[in-house]
Amino acid sequence: MDTILVPEPEESLPNLSVSNDQGILQWISSVDHKQIGIMYLWLSVLFLVVAGIEILLVRLQLAIPNNHFLAPEVYNQLFTMHGTTMIFFVAMPAIFGFTTYFVPLMIGANDMAFPRLNAFSFWTTFFGGSLLYFSFIAGGAPDAGWFNYAPLNEYNYSSSPGIDYYCAGLLFAGIGTVTASINFVVTILHYRVPAMSLKQMPLFVWMILINSFLILAAFPSLNAALAMLLLDRQLHAHFFSAAGGGSAILWQHLFWLFGHPEVYIVILPIFGIFSEVFPVFSRKPIFGYSMVIGSGIAIALLAFGVWVHHMFATGLGNTVNGFFAASSLLIGIPTGVKIFNWLATMHGGAIRFSVSMLFAIAFLIEFTIGGLSGISFAIVPIDWQLTDTYYVVAHLHFVFIGGTLFGLLSGLFYWFPKMSGRVPDQRLSRWFFWLFVAGFNITFLVQHALGAMGMPRRVYTYPNLPGWGVLNLISTIGAFLMAGAVGLLVYILVRALNKGAIAASDPWDANTLEWTTTSPPGLKNFDRVIPVKSTRPFRDYKRPEDADWKRQEAAYTEKPPDIDITQNNSHGE
Amino acid sequence: MTGQLFLNINPSSIFDAASPQAARIRHLTIEFIIAASAILILVVILTSFISIKYRSKRQQEDPKQITGNRTLEMWMVGVPLILVILFFFRSLATMNAVLPDRGNHSPDIIITGHQWFWEAVYPGTTITTANEIHLPVGKRILMQLNAADVIHDWWVPALGGKMDMIPGMNNYLWVTIDRPGIYEGACSEFCGQQHAWMRIRVVAESPGDYTLWLRQEAAGAHVPQDTLARAGAVLFLESTCSSCHCVKGTAAAGLTGPDLTHFGSRQTMLTGMMANDSVNLGRWLTDPQQVKPGAHMPRFIFAKDSIRALTAYLEQLK
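Chains as they are written, first to last, in the numbering used here: chain A, 692 to 1264; chain B, 27 to 344.
None of the hints are false.
Pairs of lysine-lysine, DSSO-like flavour, derived with a Cα cap of 27 Å:
id	chain 1	residue 1	chain 2	residue 2
1	A	Lys-1233	B	Lys-90
2	B	Lys-344	B	Lys-274
3	A	Lys-890	A	Lys-1241
4	A	Lys-1233	A	Lys-1215
5	A	Lys-1233	B	Lys-83
6	A	Lys-1190	A	Lys-1215
7	B	Lys-90	B	Lys-79
8	B	Lys-90	A	Lys-890
9	B	Lys-90	A	Lys-1241
10	A	Lys-890	A	Lys-1233
11	B	Lys-330	B	Lys-344
These stretches of chain B come out as covered by chain A in the derived footprint (C-beta under 8 Å, 3 or more residues):
id	segment
12	64-77
13	183-194
Hints listed in this document are in silico derivations from the structure and should not be mistaken for laboratory results. Yeah, the Cβ is synthetic: ideal placement off N, Cα and C, and Gly gets one too.
Please work from the sequences and hints to get the whole structure.
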């Protein structure tokens, strides 16, 4: 087979001569994308445990009505930190971990475009998270919710330094996020193996490319809002205080102009992961490759025109609300059709129920529930009833857990053998899957009902109204089941790292370039890369007689090109 | 203790509509639930069916490599698009019916959210009250909603959708209550430490009862009869209670805390937190921060007799 030379970063790589396992000092000084990726993932696990403990305390407090387990000021800090941590220091680092590790491998490169910047991105994220948590010993954590509405976030109403740390921590982490995104864009556009055209890129890489642009456009709005809030709090400016001529609602516009794209930022890469997992475990190509990309781009563009659906109850008037109702309903379509892309991918396939695929299949149903409950917020009058209730809490956890976390777990079980060279215990992993899915549904399904029954979110306790106590108790039991499952997951991972069976380089009979190298890949990913002539180069290599590009060419010569222009056009090069 | 607080209230989920506004929204909600359930059932059936039918068999050859189907893809986009357009126009119609422009209509009641109580002013009268909001049945009422400090949110599920109260802004909400009764609601925008105990209680009365209530409420405070209560009245003015609380007909004219002119006629205290009785009142006056941490009422170190006197006075403010 003819092979192709591997693109490498133009700046020289420090420490390439050192081996991969020289202890902690080597890790913290590393600029290797694989080590940085793994550090991102461990950072995410660390914060997952911390934010998980926070929410278990919250659920204990809510287990029975009129409970006195936690004081209100403690409760408010805990739920604020839970939300902020899960979004910024669990979901984002986990996504960046997989991205940093696998994007270079999937495009046949030996590292990211800017290896030093890559390390900088990780460490600023780490520093931002540490700064946020330092607030606990500096006089109190932030206590105004993860979206931190004005004027409750102003000094007059929250005088502990918590919200200052919230601003500073998120600003730092945001710098890391933006630099990482620049790095992803340049890497993807400039360091692909030369044979790989854009239309031959794996869908995970496509989603990261779209997502990186989304991040670059969304974060300035958050950073501006945080800087204005710091000015208000530290220098007595009046951006968000009505009494001084500012506007409380301005915060909401700025925050959600970032915040709604943000929820797509943590789901688009997940769509990418699933678009790798479904084809591999169904042994079929993705159904509608260009449709998945097109709907991803549509989501990214529409994401900037939907933020007011978080503000339908703020009294902006029916004209404004009507406009944003239309855009919010529209964005449901490109999100929803993907479910059918994946179902069609499975249809007619040969499905293997690995743990990764189990999470993918469960995702189809859980994410549909979360997506549909999301549509109810685009229908303005229903939003007027249900916004800011436990129904929202249920909805957002169905998309963040049933969507983002299931995707991350699917990706984890898919890529773990590649990253560690070890195979996790199958039986225990299946136990983990069922325990986690059961716990998740027990926790959050009942919360839809609580919201419709009138329970607002973010209350530290509630009166003993009929049914409220029972449903909350069920929810708390489910939360502890999930916590048990996460404990089991950590055990499975640590055990696999220590004495798991040795993984083959291509355990799943997969399609993309990361599986052509060893498990785990050496410090230098590739010396040579197999030819890329379609979206599934490794499958083409393993089954030359049934290669995608051959089928492509055959279709091209037999019929006019209208049927197959969606797919792997090998004439593109 | 709190159990009996909810003995006489009406069921208050979003499906227990007691106003045409809430009924309109309920109708749309049920339509949505039907459509959403149909989609969910379709996905569940497809997922289960495909997973079972196409599970991998031993030694199987690669299945047929299908990369797409333009017609199917059109359907995948087209059907949801039609559904979405349908619901868009249904929502526009409902929005305009539930929350029409207020035109020149002046508000029938002005409610202001405070950390953590509701202040209700009835324009055209001298009445100011707190927390238990009396409204007449059968009349289309325009509520003006304001905030004194941070953002609060008015939500009584049985009476319709919620509306934020934002400092520096006037928001409006229409409501027409169908039946007399007590309707429970709650502040639905996180507003700080005691957001949980910012419950709403709407007391809907027949026009006759409502007029009677207005008349009672417009009168000044009840003059204390016995010595204990009279001592309480003196204490109320002397120990600075009056700098935050108003009792009409006396020198107490504070505007920071809830108006207490007819405090004794309310069923609950501390914004729906507990029954309004002498035991709870005594506990509250002894140490507010223990009863409702974060509340803006300072702790006064009262002697036991002073608390008894104040309690007697406040309970008589019917």
